[in-house]
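Asker: In case you want the letters, here they are:
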Amino acid sequence: MKHGFLDQYSDLNSFIHKLDPRTKFITTLIFILAVISTPPDRWQAFTLYFFLIATLLLFSKLPIFYVFTRSLVIMPFVLMIAIFIPFFKQGEVVGSYNIWLWQVSVTYTGLQVLINILIKAWLSILSLILLTSTTKLVNLLKGLEQLRMPRVMVMLLSFMYRYIFVLVDEVIRMRQARDSRNFGGKRLWQIRTIGNMIGTLFIRSYERGERVYAAMLARGFDGQSRTLDRLNLRRADAYFGMSFSLVLILTSVVNLLY
Amino acid sequence: MDEIIRIDNLSFCYPDGQQALTDVNLTIYHGETVALIGPNGAGKSTLLLHLNGILRSNGVVRVLGRTIDDKNLRWVRSKVGLVFQNPDDQLFSPTVFEDIAFGPINMGYSEAEVRESVTRTLDWVGMTGYEQRSTHHLSVGEKKRIAIATVLSMAPEILVIDEPTSNLDPRSKWSLIGVLHRLPMTKIVASHDLELVQTLCLRTIIFDHGQVVADSATNHILADIPLLRAHGLAPPEVA
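Going down the list, the sequences are from chains B and R.
Taken in order, the first sequence gives residues 1 to 258; the numbers are from our numbering.
Taken in order, the second sequence gives residues 259 to 497; the numbers are from our numbering.
None of these hints come from the bench; they were simulated from the model.
Certain hints may be false.
Looking from chain B toward chain R, a few residues come up when the C-beta cut is under 8 Å (computed) [unchecked claim]: (1) SER158; (2) TYR206; (3) ARG208; (4) VAL212; (5) ALA214; (6) MET216; (7) ALA218.
Yeah, the Cβ is synthetic: ideal placement off N, Cα and C, and Gly gets one too.
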């Protein structure tokens, strides 16, 4: 079975795809920092950020619909954390409601903060989608390693990338096997089946871990991890990194001044 | 002939109490291709894991005349290349290159040597040009070949393979047998694929209930239908 849900568009050809993963990683980080440090009422700055990221997304030739749907994935999490802010923030009251015993009021500042959080989260996730969809995960990991990310974490991530497909296949096969023997049944019974499947998956993964470790030992692994490849920064990386960071720094400075 | 592996009185019991090996004695000579056949659960894989020191227990395993101990583990693993049955366990890196380079890098080869050995082994298994492919996009047959390449890249003197032809269609199976046939080193192949055994191996060992049951020339053993039947290995009787 074939999957490519992690970096399925990393084979496209654009100048963003060709940039060094390190350049992309660092500029993404700077972008996110700039976005989250901008005060809530600077809508001009947010418009600028949006145009910046939208231009880059257009250049990257990623399908717009794909980027949009991917970007919505983060929203439930953000909402879950931020949804209560309008009720607790002090300030001018927009509306107040009686829910059973409590009187609840929504404030103007609270709503503003909520919308601001949503915008910031959305812009950040857009930049992350740009990073992860235009970079092969393998290269991104190499880049992280050369940026001195601890080797153990890089290894963990690369194992994750390698085995997520194996695990997904296993889940699909288990589900097919269950569905071919499933004749409805009570809901409670179905939940129990799912519980069993999760347990089985856990044990299988655990045992696979042991076998993988044995395979590593068999090839001379001694707890020390070593690596070969070096990436090379090109001139385009320097230009892109410099200009992009400059724009962001300028915006931040302007934000501070006014 | 030179002894390359010698096992004396090896017994092994898994932590859950299951007795996997009982008093195994075995000698493999230089340049042989030996088949290790036996039914499921006979202890073949457990025995193979002892050959490069991943499992160790009482009894003595000697490789090239040296007893496996903590100090020479690295050396043993560079001499005995062990290929696991499931290529998804054997291939744990994102790309083919990284997987084949894993062994040589751990052996402390220089960068040029690593690249050279990757290219050479890919050529041996007939997979030239697959360096940058993602492992999870390969077919089972391709994965099996790459799994063998990951071990060959360390230039072992003994190649130990667990079930090389399981899950393969006949064409992939025969081409894999061809690849194995061309490899010059001493080989130990655990399998219950009797076609593979007949084509590849001159000597066959039958293993059952953690013990060596028979050890003889392949044509001799494969002709002994009652013996094969007693250990669940005989071909079906077709009326």
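Asker: Does each hint fit the structure? Answer for all of them.
Answerer: Now for the hints, and whether the structure bears them out:
no.	hint	verdict
1	SER158	holds (6 Å)
2	TYR206	violated (13 Å)
3	ARG208	holds (6 Å)
4	VAL212	holds (5 Å)
5	ALA214	holds (5 Å)
6	MET216	holds (7 Å)
7	ALA218	holds (4 Å)
Comparing the model with each earlier hint shows a violation of hint 2 alone; every other hint is respected.
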